[in-house]
Each structure stands twice: as C-alpha cells, then as structure tokens.
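Number of protein chains: 4
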Amino acid sequence: MSAPKKVVLAYSGGLDTSIILKWLQTEYGCEVVTFTADLGQGEELEPARKKAELLGIAPENIYIEDVREEFVRDFVFPMFRANALYEGQYLLGTSIARPLISKRLVEIAAETGADAVAHGATGKGNDQVRFELAAAALNPDIKVIAPWRLWDLTSRTRLLEFAEQNQIPIAKDKRGEAPFSVDANLLHTSSEGKVLENPAEEAPDYVLQRITRPEDAPNEPEFVEITFEKGDAVAINGEAMSPATILTRLNELGGKHGIGILDLVENRFVGMKSRGVYETPGGTILLEAHRGIEQITLDSGAGHLKDSIMPRYAELIYNGFWFSPEREMLQALIDKSQEHVSGTVRLKLYKGSARTVARWSDHSLYSEAHVTFEEDAGAYDQKDAQGFIQLNALRLRLLASRKRRLG
Amino acid sequence: MSAPKKVVLAYSGGLDTSIILKWLQTEYGCEVVTFTADLGQGEELEPARKKAELLGIAPENIYIEDVREEFVRDFVFPMFRANALYEGQYLLGTSIARPLISKRLVEIAAETGADAVAHGATGKGNDQVRFELAAAALNPDIKVIAPWRLWDLTSRTRLLEFAEQNQIPIAKDKRGEAPFSVDANLLHTSSEGKVLENPAEEAPDYVLQRITRPEDAPNEPEFVEITFEKGDAVAINGEAMSPATILTRLNELGGKHGIGILDLVENRFVGMKSRGVYETPGGTILLEAHRGIEQITLDSGAGHLKDSIMPRYAELIYNGFWFSPEREMLQALIDKSQEHVSGTVRLKLYKGSARTVARWSDHSLYSEAHVTFEEDAGAYDQKDAQGFIQLNALRLRLLASRKRRLG
Amino acid sequence: MSAPKKVVLAYSGGLDTSIILKWLQTEYGCEVVTFTADLGQGEELEPARKKAELLGIAPENIYIEDVREEFVRDFVFPMFRANALYEGQYLLGTSIARPLISKRLVEIAAETGADAVAHGATGKGNDQVRFELAAAALNPDIKVIAPWRLWDLTSRTRLLEFAEQNQIPIAKDKRGEAPFSVDANLLHTSSEGKVLENPAEEAPDYVLQRITRPEDAPNEPEFVEITFEKGDAVAINGEAMSPATILTRLNELGGKHGIGILDLVENRFVGMKSRGVYETPGGTILLEAHRGIEQITLDSGAGHLKDSIMPRYAELIYNGFWFSPEREMLQALIDKSQEHVSGTVRLKLYKGSARTVARWSDHSLYSEAHVTFEEDAGAYDQKDAQGFIQLNALRLRLLASRKRRLG
Amino acid sequence: MSAPKKVVLAYSGGLDTSIILKWLQTEYGCEVVTFTADLGQGEELEPARKKAELLGIAPENIYIEDVREEFVRDFVFPMFRANALYEGQYLLGTSIARPLISKRLVEIAAETGADAVAHGATGKGNDQVRFELAAAALNPDIKVIAPWRLWDLTSRTRLLEFAEQNQIPIAKDKRGEAPFSVDANLLHTSSEGKVLENPAEEAPDYVLQRITRPEDAPNEPEFVEITFEKGDAVAINGEAMSPATILTRLNELGGKHGIGILDLVENRFVGMKSRGVYETPGGTILLEAHRGIEQITLDSGAGHLKDSIMPRYAELIYNGFWFSPEREMLQALIDKSQEHVSGTVRLKLYKGSARTVARWSDHSLYSEAHVTFEEDAGAYDQKDAQGFIQLNALRLRLLASRKRRLG
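Residue numbers (the working numbering), protein chains in the order written: chain W, 1 to 407; chain X, 1 to 407; chain U, 1 to 407; chain B, 1 to 407.
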C-alpha cells in the first residue's frame with residue numbers, strides 16, 4: 001500500500017486518537033480530516049473541535065456531527081426487528097455503531113478528496129474488522145490505516161512519551177492507566193480489560209457506568225407502555241417520539257431500575273475469547289417489548305423462521321458484515337415479517353428486570369374465540385385434532401414398525 | 001378403531017381423570033389400569049391410589065411411581081444442554097414431561113397386556129399431540145383414547161352431573177370453576193385459561209403458585225455456585241447432588257428470589273395462540289448457568305452451531321416430537337458438543353433475576369495471554385489481523401467494484 | 001360445515017371431475033361453477049366447455065382460462081430463483097401449480113358469489129393440502145369440498161356405475177383402469193401409482209410422456225444460450241421471449257435430448273412415502289442455467305445463505321404453504337439476492353444431461369486479475385493469507401492446547 | 001516464528017515440491033522428512049523415493065504410504081453420508097483429501113521429532129487453509145511452512161533457474177508451462193488455471209483426465225447395483241468390497257460412461273472466484289445411489305434435517321474445518337441418521353448420467369399398503385386428512401381474517 005495523502009480519522013478528541021492524529025501527520029506527512037460523531041456516548045463534542053484545531057487541523061477539515069437519529073433509525077431499529085442476540089445474550093451495542101462511523105468516514109473522504117480513512121481500534125479486537133469491512137464494502141479502493149497494528153507505541157509509557165514529545169495535552173486522569181476500557185453510545189456502554197480480565201472474578205461495582213445497581217434501584221416497580229409500528233418503537237406511554245428520543249427515554253428508565261447489565265465471556269471474530277460487562281438499559285427493555293408485541297402479531301410460521309435465522313444475522317453484525325449482501329438479504333426477510341408488528345406492550349420494570357405483562361394490538365392474531373376453555377361456538381372442532389395427530393404420527397408409526405420388524 | 005379391551009390411563013387422582021376413568025369403564029366396558037407419576041408436581045400420590053381403588057381398580061392395576069430422577073436425568077438435562085427456548089422465551093416445562101408419561105403408559109400397557117392408553121388432554125392443546133406422537137413412536141399399534149375429543153361432557157355442568165351419577169367424590173373447591181388451569185412438575189408450573197385469557201390484562205398476583213413476587217423477595221442478593229460436568233449440573237455450592245435434587249434445590253432458590261416468571265402468548269402446534277403464565281424458578285437459573293459455563297468451554301464454532309439449531313430443537317420438543325429421528329439427531333449433535341462443558345458458574349440471585357457473575361473451569365478456552373491489554377509475549381501477532389481482514393474484505397471489494405462499474 | 005350453495009369446481013373435463021361435478025349437484029343440490037385452466041398440460045380446453053354444458057352448467061358459470069404466462073411468471077420463475085429442489089432432487093412441478101389454481105378458484109368464487117370451492121384430489125396425497133391451505137390463506141371463510149374424502153365411490157366400479165347412472169359419457173379408454181396416474185403442466189409431467197407402486201422395479205419406458213429416452217435422443221450434442229435478468233430467464237439464443245414461451249422452448253429442447261427424467265421415492269406431507277416418475281425437461285435445463293449464472297454473479301455470502309435456506313423453501317412449497325408469511329419472507333430474501341443475477345449461460349445438451357460449459361455477464365464478480373496463476377500486478381497479496389489462516393486457526397489451536405493439557 | 005529445525009514436507013516427487021525441498025534445506029539449513037502418499041492419484045510412488053534420495057534425504061526420513069483405504073473409509077465415506085455438495089454442485093474431491101495429508105504430516109512430525117510441516121500450496125488457494133487449519137487443530141505448536149507465500153521464486157523462469165542451480169532434474173515436459181494445473185486423488189481430478197481462466201470459454205476436451213467424453217461413451221446403457229450398510233457402500237453387483245476398491249470400481253464405471261464432469265465457477269474461502277473442471281466419476285454415481293437408498297430408508301424428519309444442514313457441512317469441509325468441533329458435531333448428527341440406511345440401489349449409467357431406477361431394503365419405510373391407489377384395507381383413513389388440513393390451515397385463516405379486518 002502506498003502512503004496515504006489525505007486521511008479521514010475517526011476522532012474522539014481523547015488522548016489516544018489525538019496521538020493517532022499526530023502520528024498520521026508525522027508518519028505520512030499527510031493531511032488529516034477529523035470526524036467526531038455524537039452517537040450518544042454522553043460526551044461533549046466541542047472540546048474535540050478545540051483539540052483538533054490545537055493539533056493543526058484546518059477548520060474545514062473538522063467534521064463534528066450528531067448522528068444519533070440516523071444511528072437509531074437506520075441501524076439500531078432494523079437490528080431490533082430481528083431480536084438479535086449474539087451468543088444468546090449480547091445486544092450488539094458496539095457492533096452496530098461501527099458501520100455508521102465507517103459510512104461517514106468514507107463519505108467524508110469522498111467529499112474532501114481523501115484517499116484513506118483511519119481508526120483507533122487495536123489489532124486484537126473486533127472493531128478493526130467492523131471498520132474495515134464496512135469501508136471496503138462502501139469504497140473498494142479506500143485505504144484504511146490502523147495505527148495500532150502499525151506503530152511501535154506498544155506500551156502506555158511510549159504512548160505518553162510520544163504525546164509529550166508532540167505537545168499533545170494529557171488530562172491528569174490519563175496519566176495513570178484506566179482500570180478498564182470503556183466504549184459507549186446511545187445503545188450501550190461496554191467495559192473490558194484490566195480488572196475484568198479474569199472471568200472467574202466478579203466485576204467490581206464501580207465498572208457500572210450508567211445503570212444503577214439493582215440493589216440501589218427504586219423499591220417500587222414502574223410500568224411503561226411502548227407502542228410499535230411495523231416493528232419499530234414509535235411512542236412511550238402514548239407519547240410519540242423520534243427513534244433517538246425513544247431510546248434515550250428507555251435508557252433513563254432502564255438505568256434507573258437496574259436493567260440491562262450483562263457480564264459475558266464472548267467469542268471474538270479474531271479467534272479469542274474476551275470478557276466484557278455490557279450495560280444496555282434501553283435496549284434490554286426494547287428487546288423484551290418487541291418480543292411482546294410479536295407474540296400477538298406474528299404467526300408461528302413467521303416467528304419461527306425469524307428465530308431460526310436470528311443467530312446468523314447477529315453473527316454477521318458482530319463480525320462486521322453489516323454492509324454485505326447476506327445481511328441485506330436477511331434484513332429483507334425480517335422487514336417483510338414486520339408489516340403487522342404494530343401495537344402496544346406494557347412492561348413492569350423492577351430492580352434489574354423488565355417483563356412484559358400485557359400487550360394489545362389491532363393487528364393481533366390472538367383469538368380468544370379459538371383458545372377459550374369455554375364453549376367456542378364452533379370456532380374450532382376438537383375432532384380435527386384426531387386427523388392432525390394421526391397424519392403427524394404416521395411416519396413415526398412406520399419407523400416404530402420397522403424397529404419392531406427388525407427386532 | 002375397534003373398542004379397547006384394556007386401557008392404561010394417565011391418572012392424577014383428580015376429578016377430571018376420575019371422570020375419564022369411569023367413562024372408559026362405562027363407554028367401553030374395558031378394564032382400566034391407572035398410572036400416577038410423581039414428576040415433582042408437589043402433590044401426594046397415595047390419595048390417587050385410594051381414589052382408584054374406590055373406582056374399582058384392582059390393586060395390581062394401580063401403578064404409582066416416583067419418576068423425578070428419570071425425568072430430570074433423561075429429559076430435562078438433555079434439553080438444557082441445548083439451551084432450549086421455545087419462541088425465544090419459554091423453557092418448555094410442560095412439553096418435556098409428556099414424553100416420559102407416554103413412555104411409561106406404553107411400557108405398562110406392554111406389561112399388563114393392555115391394547116390402549118388414555119390421557120386427559122383436551123382437543124385444543126398441545127398435550128394431546130405430545131402424548132399421542134410419543135405413544136405412536138413407541139408402539140405403532142397402540143390405541144390412544146382421548147375422551148375430551150370423544151365424549152359429550154362438554155360443559156362443567158355435565159361433567160359434574162356425570163360425576164354425581166357415578167358416585168365420583170367431588171371436592172368442595174371443585175364445585176365452582178377454578179379461575180385458571182394449572183399444570184405442574186419439577187421443572188415448572190404453568191397457568192392458563194379463564195382470568196388469563198385476555199393477554200391485554202396483567203395476570204393477577206394470585207396466579208403465582210411457587211415463585212415469590214420479586215417485590216416480596218429478600219432485599220439481599222444471594223450467590224450460588226453451580227458445577228457442571230459434560231453439560232449437566234452435578235453440584236450446588238460444591239455439594240454433589242442427584243439431578244432431581246439439584247433441580248429441587250434450584251427451585252427453592254429461584255422461588256425465594258422471585259426468579260423465573262414468564263407471561264407469554266405463544267403459538268400452539270394446533271394453530272392457535274394461547275396465553276400462559278409460566279413459573280420456572282430452578283430452570284431459569286440453570287439456563288443462565290449453563291450459558292455461563294459454555295461461555296468459557298465452547299469455542300465459537302461449536303457454540304454458534306448449537307445456537308443455530310436450537311430453535312428447531314425447541315420446536316420439536318414443543319410439538320411433541322421427542323421420540324423422533326430428528327430430535328435424536330439434534331441431540332447427538334448437542335451431546336457431542338458437551339464433552340468439555342465442565343466447570344463452575346457463580347450467579348447472583350436478586351429480586352427476579354439470576355445473573356452469571358463469574359465462571360471457571362479446567363476446560364476453559366479463555367486465554368488471558370491472548371486477550372490481555374498488556375504485552376502478550378507473542379501469543380498473538382496483531383499484524384495477522386491485516387491479512388485476516390483483507391481476505392474477508394475481498395469479496396466485499398469485488399461487490400463494491402461492480403456497483404461502481406455499473407453506476 | 002353447512003351445505004354449500006354454490007361451488008367453484010376445478011374442472012378438467014375428464015371423467016373424474018365430471019363425476020365430481022354431478023355428485024356436487026346431486027349431493028348438495030347446489031349450483032356449480034367450473035374452472036378449467038390451461039397450465040400447459042397439453043390438452044384442448046374447449047371439450048371441457050362442451051362437457052360442462054352437457055352436465056347442465058350455465059355458460060356464464062363456465063370459466064376457461066389460459067394462465068400459462070401467469071403460471072410461469074408469478075410461480076415458476078420466483079421458485080427457480082431459489083434453485084428449489086425438494087429432497088435434493090424434485091423440481092416441484094406439481095406443487096407449484098396448485099396455489100395458482102386455488103387462487104383463481106377463490107377469485108371466481110368472489111366474482112360469482114360462490115361460498116365454496118371443490119377439487120378432485122384424493123385424501124392420500126399432497127394436492128388436497130396444497131389446494132386447501134391456499135384457499136384458507138386467501139379467504140378464511142371459504143368452504144372447501146373434497147369429494148374423494150367424502151363420498152362412497154371408493155372403487156373404480158362404483159365410479160363407473162355412478163357415471164352411467166348419471167349419463168356422464170365415458171371415453172372408451174377409461175373403461176379399463178389406466179396403468180398409472182398422470183398430472184401435467186408446463187413445468188412437468190408426473191406419473192405415479194399402479195405399475196409404479198413397487199419402487200424396486202424399474203419404471204417401464206412407456207411411462208415417459210414427453211421426454212425422449214436418452215438412448216433415442218440425437219447423437220449430436222446441441223448448445224443453447226439462456227440469458228437472465230435479475231434471476232429470470234428472458235431470452236434463448238439471444239431471442240427475447242415471454243416467460244411461458246421460454247419454458248415451452250426449453251421443454252422442447254429438453255424433451256428432444258432426453259433431459260429431466262427423475263425416478264423418485266419421496267416423503268409426502270401426509271406422512272407416507274410415494275414413488276413417482278417426473279419429467280421436467282425445460283425446468284432441469286433452467287435450474288442448471290440459473291446455477292450457472294449465479295456462479296459468477298453472486299458472491300459467497302449471498303450464495304451460501306440462499307443454499308442454506310433452500311431446503312426449507314422447497315419444503316414449504318411442497319407442503320402447500322405458498323401463500324404463507326414464511327414463504328413470502330424467504331422469497332423476499334431470495335429476490336433481494338437476484339438484483340445482479342443477469343447474464344448469459346451456455347449449456348450443452350446431450351442424451352439426458354444439460355451441463356453449463358460457459359457463462360458471462362456484465363455483472364460478473366469473477367476476477368481473472370485476482371485468480372490468475374500469472375503475475376497479478378498486486379491485485380492480491382499472498383502474504384495476507386498468512387494472517388487470514390492464523391486467525392481462523394486461533395480457536396482450533398486453543399482447542400488443541402486444551403486437549404493436550406487435559407491429556 | 002523462529003526458523004524450523006526439522007520439517008516434514010508433503011512431497012509428490014514432482015518438480016515443484018522438489019524445489020521446495022531444496023529451498024527448505026537452503027533457507028533454513030534444516031533437516032527435511034518427506035511424506036508421499038498414495039491417495040489414488042494414479043502415479044507411481046517409488047520415483048518419489050528415488051528423487052528424495054537424490055536430494056539428500058536419509059532413507060529413514062522418507063515416508064511413502066498407501067493411504068487409499070483410510071482416505072475412503074474415514075474421509076470420503078463419512079462425507080458422502082451427508083450427500084455433501086459445495087455450492088450445490090461440487091463433490092469436494094480436493095477438499096476432503098487435505099485433512100488426511102495434514103494428519104499424517106503432524107503424526108510423522110511427532111514420530112520424527114520435527115517441529116514443522118511444509119506444503120506446496122500457493123497463497124491464493126484453499127489448500128493452504130485446509131493444510132494449516134488441520135495442522136493447527138492437531139498440534140497447536142507445530143510450525144507450518146508455506147514456501148509459496150515466503151520465497152521470491154514468483155515466476156516460472158525463476159523456479160527453473162533455482163532448479164538448475166540446485167541440480168534438481170527437470171522433466172522435459174516441465175520446461176514449458178502446463179496449459180492448466182491438475183490435482184488428483186481417488187475421488188476426483190480437478191483442473192484449473194491457464195486455458196481455463198476465462199469462464200466464458202468452454203473448456204477444451206483435452207482437459208479431461210479420466211472421464212470419457214459422453215459422446216465417446218458406450219452406446220448401450222449399463223446397470224449397476226450398489227449395496228449400502230449404515231450409509232456406506234459395501235458391495236457392487238452383490239460383491240462385497242473394501243471402501244477403496246468400491247470407489248475404484250465406480251470410477252471405472254463412471255469414467256467409461258462419461259459420468260461426473262463438472263465445469264464450475266466457485267467461491268474460494270480466500271474471497272475470490274475460480275473456475276475449475278472437476279471429474280468425479282465414482283463419486284457422482286455414489287451420491288446418486290446414496291440419495292436413492294435414503295429415499296426409502298430415511299423418514300422425512302431425518303431426511304429434511306440432513307438436507308438443511310448439508311450446505312453448512314459442505315462449506316466447513318471446503319473451507320478446511322474438517323478437524324473442528326462443528327464438523328464433528330454435524331457428523332454426529334449425520335451418522336446418527338444412517339443407522340438404517342442399508343439396502344441396494346440399481347442405477348442406469350449412460351453417456352454422462354447416472355440415474356436411480358430401483359431400490360429395495362429390509363429397512364424400507366415405503367409402505368405400499370398406505371400409498372396404494374387400490375383399497376388399502378384400513379391402513380390409512382382419508383378422513384384424517386380433513387383434520388390435518390384444518391389445523392395446518394388455522395393460522396393461515398387467522399392471518400387472512402386479519403387482512404380482511406384491516407382492509
């Protein structure tokens with residue numbers, strides 16, 4: 001790969017990406033464009049602008065954007081239509097944010113005439129894969145610079161030295177090493193590394209960033225009603241809201257009630273296991289609610305098919321294949337199923353759990369006339385069950401006859 | 001179908017199956033053998049013997065058995081190896097008990113020379129299917145009598161009249177109708193019908209049979225350690241126990257801490273939706289724990305394959321195909337994966353939730369040497385990620401080039 | 001079910017459906033509407049009109065339609081996008097015709113104010129299921145009359161007696177029993193029953209209805225080029241044609257060259273096995289050609305996903321679930337994949353086989369630059385393979401280390 | 001990776017692996033052990049011994065083995081139990097041979113105290129992946145040397161120069177470049193590269209190595225009967241034979257009758273497409289026969305489950321994951337299904353095609369009593385179909401009612 005001439009960097013304004021910024025300038029003598037996105041991580045963005053200016057980035061090369069609505073509308077909500085869980089438990093909070101960042105990096109590269117993009121993910125993780133697969137899928141010729149795989153700043157000491165040598169300001173609390181590493185966006189906060197590296201030891205309480213410990217949550221349950229249209233949440237307690245507003249509001253509720261903590265050892269795409277603590281307050285409520293509304297609006301054919309392809313769909317997102325034909329094919333299947341997934345779910349939130357307690361919909365397939373223990377006025381003829389069972393049993397009988405015959 | 005000469009009846013000793021017993025005698029003039037099983041439903045069995053005797057069943061035709069260990073060892077545990085959840089949420093507590101009952105009915109028929117078996121399931125539910133498919137798979141020639149699909153006792157009033165006409169004792173509390181219908185065994189208690197028939201209305205608290213309301217559960221969390229060997233739980237807090245003892249003990253813990261309540265609208269195999277409240281205290285803890293030990297002992301290849309076939313496996317059990325080639329094939333696949341699923345999981349139980357907080361095993365595949373944020377002494381070469389990503393990206397690049405080429 | 005007042009009958013004009021027509025009139029005293037469709041079965045339709053008139057059907061109640069284009073465009077082609085094969089071998093020629101017939105029956109019922117539809121399928125086969133599931137999915141209240149499951153005309157003798165008693169003309173060759181039963185449409189001809197009932201005996205040559213025996217096919221191979229657009233065949237040897245014309249032309253080619261004979265024992269949905277001889281001349285060529293064009297226009301992600309869901313898709317069609325949410329969801333997935341399945345395939349037809357020998361497309365993903373054994377000018381860096389393999393191997397290494405560790 | 005001290009090389013005796021042998025000696029100054037296997041590729045092995053001796057390999061370091069029986073028994077036959085086809089068409093002839101070679105390389109390394117293995121696969125293909133994943137799975141610490149990814153002998157000219165400089169004999173016909181590249185074993189011969197690189201051009205006839213052109217095949221069909229036991233072929237025309245003998249005999253038959261030619265563009269695991277011509281004469285017959293015996297000995301539950309997991313199984317083998325937990329899990333599933341796959345299939349071989357024409361078995365599930373068009377003496381009650389259809393239709397009716405309700 002020839003040296004890049006102009007690079008769009010995913011820039012947080014923090015110490016690490018500031019070092020990367022400087023390193024790109026130094027290593028390649030290239031122009032750098034910074035992209036800082038508000039994905040709901042809960043940090044001010046303007047300091048990133050100041051920091052970029054300080055590091056010599058021209059104002060027109062500083063991109064700072066609030067992408068929260070796009071994030072929830074075009075990435076989080078489509079994923080939740082699938083009830084996606086990686087390895088049965090993980091709500092994919094980090095995975096789903098990466099394609100959006102790559103998409104904007106590639107778009108800004110096109111706008112600014114840059115020939116490369118750069119990210120601050122390490123060579124051990126999944127994020128490098130997600131960033132780079134997305135970039136390749138969106139622009140086959142774009143170069144991707146992953147400084148962590150390239151440079152020799154392989155220890156904290158050397159990083160800090162490089163920062164000092166290059167007049168990069170170091171916040172006091174960054175002198176010492178953080179006890180664990182954090183990533184956050186509107187869907188979740190993940191923590192991993194350091195004090196969490198031994199999966200046999202319970203994570204300390206101070207790891208939690210946005211969810212109240214269940215023990216400290218309110219002693220009274222709270223109920224919330226979430227309304228869906230075509231598979232997406234559109235209102236809370238009857239009040240219509242934008243996608244990002246809904247997720248923000250559910251995060252507040254979940255965080256307050258201790259909902260959405262997951263301590264997980266997972267399989268990374270790069271082949272190793274890692275342990276993380278995930279906090280997904282609003283997402284955990286949303287998944288339960290979406291399951292709740294599907295209970296009455298999807299028939300078994302649609303629901304079981306969705307369930308059977310979900311693990312593959314989740315794996316694709318986890319592995320970084322959001323912009324792939326197969327993810328889009330599965331999305332087409334999933335979206336097709338959501339046409340009637342409209343209605344309202346009532347959930348009870350209490351000290352760590354969110355449970356569906358009621359659900360109703362004009363689109364409901366639930367038929368009290370059929371299921372009732374009372375007289376059903378001919379809706380269902382119990383004698384039909386005889387034939388249904390006989391024909392389902394026929395092949396089992398033939399198998400049993402063979403077994404008997406062969407002794 | 002010609003009339004049966006001798007019938008083995010799944011007999012609970014309750015009013016309904018007593019009526020069936022009498023109806024079989026009356027309708028067919030046939031000999032009846034009763035089978036009453038202790039599956040952990042929490043009821044005394046000896047009254048069933050008395051009742052059967054009262055209804056004229058000869059002592060040698062009364063079978064009363066404690067099958068709890070067989071139930072957990074040969075049915076519940078194999079199913080939990082799969083992390084089976086029907087429609088994403090239901091732990092299959094009723095479904096998994098039916099094949100065992102059918103198996104014993106068919107075996108007792110062989111021992112006693114009976115040509116038929118009978119059950120008390122209605123024509124609207126799944127249980128009839130489960131009983132009858134299992135019977136057909138075990139004896140291709142056995143007749144199955146399902147009185148609810150045959151008789152004209154289609155109202156509560158007529159049932160009670162029949163009981164009175166036939167001197168069947170009616171407990172006082174059975175005069176009025178129960179507000180909902182209950183099924184129980186060591187794995188779960190299910191409630192459905194009547195007051196639960198409107199899924200838009202929250203289930204009343206009095207529906208709960210064995211789980212404390214989370215609000216009433218202890219204010220202090222409790223920790224429990226579950227040890228697995230080859231996928232099955234073998235010890236609690238270091239104390240080795242039999243399968244049924246383990247489930248009993250986990251039920252106590254889960255019940256105490258409000259764990260395992262599920263309010264679900266599900267799709268029955270017979271085509272309608274029904275709403276139930278399930279209480280699965282021990283099973284809910286066990287599923288979480290099993291997931292926890294698999295996190296460190298299964299690699300991604302095994303784990304993801306298991307996850308991808310799980311919905312089908314769960315559907316088979318739900319639909320009554322326990323004794324089918326395809327369930328046995330999937331079981332072979334699952335069991336093969338469990339060879340190293342051994343180790344211990346520590347869980348935190350608190351007001352409705354059971355969460356894995358730590359796990360350890362001699363069989364662990366977690367490698368701190370690989371995943372560490374610190375120097376890894378060459379365990380992993382970050383530069384390898386470059387090639388890994390490049391080749392995974394190749395087809396995406398070719399797709400992107402096509403898109404660009406075709407404009 | 002109350003008696004029908006007006007019935008739309010799927011009417012071939014043959015003896016059996018004429019008897020059904022009369023039986024419906026006799027049994028229910030109801031008005032009958034006949035629907036006779038040209039699905040490409042190769043029979044004149046006007047005799048059916050005469051026959052219906054003779055049996056007293058009013059002219060406005062006689063529907064005769066050429067549905068060949070709709071059949072191929074809306075049913076056959078969508079199915080071929082999936083490369084559908086039931087049980088690995090059967091091209092679903094009968095299965096795919098049934099939903100179209102049911103759809104027209106239900107539509108004509110709506111137009112004519114009929115409350116029921118009727119078909120001539122027996123109680124042992126799949127067709128009854130396909131007809132009736134489709135009808136139920138299109139009109140939840142329509143009655144379906146299946147005389148073969150209802151009447152007492154259970155032997156050939158009684159059928160003929162009924163015909164004679166009711167002045168139904170009996171063609172001379174129908175006096176004796178046919179040596180096997182035939183169903184045909186533009187996609188295939190199936191033969192089953194009677195002389196074919198023993199799967200251990202080779203089918204006699206005279207069973208073949210439309211395919212030349214390979215031994216009698218031309219001694220010279222013939223080449224044909226089929227052009228696809230978005231997954232559907234649109235031209236043969238450069239000549240654009242309508243869907244039905246394409247299939248007709250391929251049938252001629254396949255029939256001439258002995259292509260598309262299948263002798264199969266299959267599993268019916270109703271639980272028994274049956275043996276059939278299928279002739280699918282054009283379809284067999286079309287499947288091979290579609291695979292051929294997908295080879296260069298689908299990437300592995302899309303192709304493998306399609307392959308993995310194909311068996312389920314085929315099973316749904318076989319079982320009669322064309323008009324179901326899950327078939328439509330799978331169709332959405334499949335159709336999404338076909339956007340770029342455009343180009344031309346060259347096949348060699350010779351004495352029973354059709355083989356792709358060349359394929360080309362503007363949408364091709366094949367990159368000679370990447371795959372070449374010659375210098376590739378940097379298109380591909382072989383050193384990337386090192387990292388790709390290392391990371392794919394990592395979990396296998398960790399597994400091997402565990403095995404070694406545990407001895 | 002530190003330099004290897006002793007390397008076991010997969011050695012064919014040909015020019016390329018002789019160059020590798022020398023290069024290993026030169027580059028690393030290491031001891032080389034050669035492993036030459038008879039996999040049925042149809043070449044003498046003794047010349048390889050002479051060549052190795054000539055290149056200075058000590059006699060005790062020359063391993064020459066006939067592994068044909070192991071190859072067919074432990075690799076080919078288990079794979080055929082699954083009816084494995086990669087991308088719907090490819091019988092995996094190359095893929096399935098690689099794990100066996102790696103297994104022996106690793107075993108010989110253990111016996112001889114070698115710390116590395118080496119292979120002659122290039123950096124663009126699948127074989128490098130298959131060799132190396134298998135090696136990693138069998139010995140986590142073994143080094144793998146892939147000279148084609150390491151050296152600078154990147155053109156034919158430089159290879160020949162190296163050979164001349166190192167006194168490696170060059171056969172006359174190796175001076176010029178071969179018009180395509182060939183790999184062969186008992187299951188298949190593959191040809192790719194050079195004249196085959198343009199998938200729009202038909203492969204020249206001279207590419208065929210072991211199959212007679214269909215046009216040149218006998219004008220008379222030939223019939224063959226293959227007997228299976230538990231899924232594996234055990235006899236041909238009633239004569240019991242060893243696995244390798246059976247495959248050899250079927251190869252002769254298939255080759256004679258022009259059976260098993262496939263011209264394919266496939267997706268390599270490394271991300272690019274390649275075009276190959278595969279000749280799999282015996283395997284093509286075997287697959288058809290195995291399908292034929294499964295038709296009567298597997299029920300639909302087992303058969304459909306097998307079909308649904310087959311694409312994944314085939315992909316695993318293609319990608320090199322033979323020695324992986326997920327392949328072994330799928331194998332357990334498949335093997336479980338084969339318990340009753342015993343019986344005999346009769347096939348007709350004629351000018352390029354092999355078709356099942358009859359099949360019989362003591363284990364047959366085919367029931368003429370059930371399927372017959374004649375009176376079935378009560379084996380099957382057609383009225384049962386009514387209930388079967390009603391309950392399968394119920395959810396479709398509820399869906400149709402919703403559609404009507406919502407307008």
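No lab work stands behind these hints, which were simulated from the structure alone. Built from N, CA and C at the ideal position, the CB exists for glycine as well. Please note that the accuracy of each hint is not assured.
Quick list of in silico lysine-lysine cross-link-like pairs, DSS-like style, CA-CA up to 30 Å [what the hints assert, rightly or not]:
1) 22/X / 6/X
2) 103/X / 403/B
3) 383/W / 103/X
4) 103/U / 22/U
5) 383/X / 256/B
6) 230/X / 336/X
7) 256/B / 256/U
8) 336/B / 336/U
Output of the computed footprint for chain U on chain W, the stretches with three or more beta carbons under 8 Å from beta carbons of chain U [as the list claims (entries may be wrong)]:
9) 76-82
10) 389-396
Checked hints:
no.	hint	verdict
1	22/X / 6/X	holds, 13 Å
2	103/X / 403/B	violated, 43 Å
3	383/W / 103/X	holds, 24 Å
4	103/U / 22/U	holds, 23 Å
5	383/X / 256/B	violated, 51 Å
6	230/X / 336/X	holds, 10 Å
7	256/B / 256/U	holds, 24 Å
8	336/B / 336/U	violated, 36 Å
9	76-82	violated (count 0)
10	389-396	holds (count 5)
When the structure is compared with the earlier hints, violations turn up for hints 2, 5, 8 and 9 and for no others.
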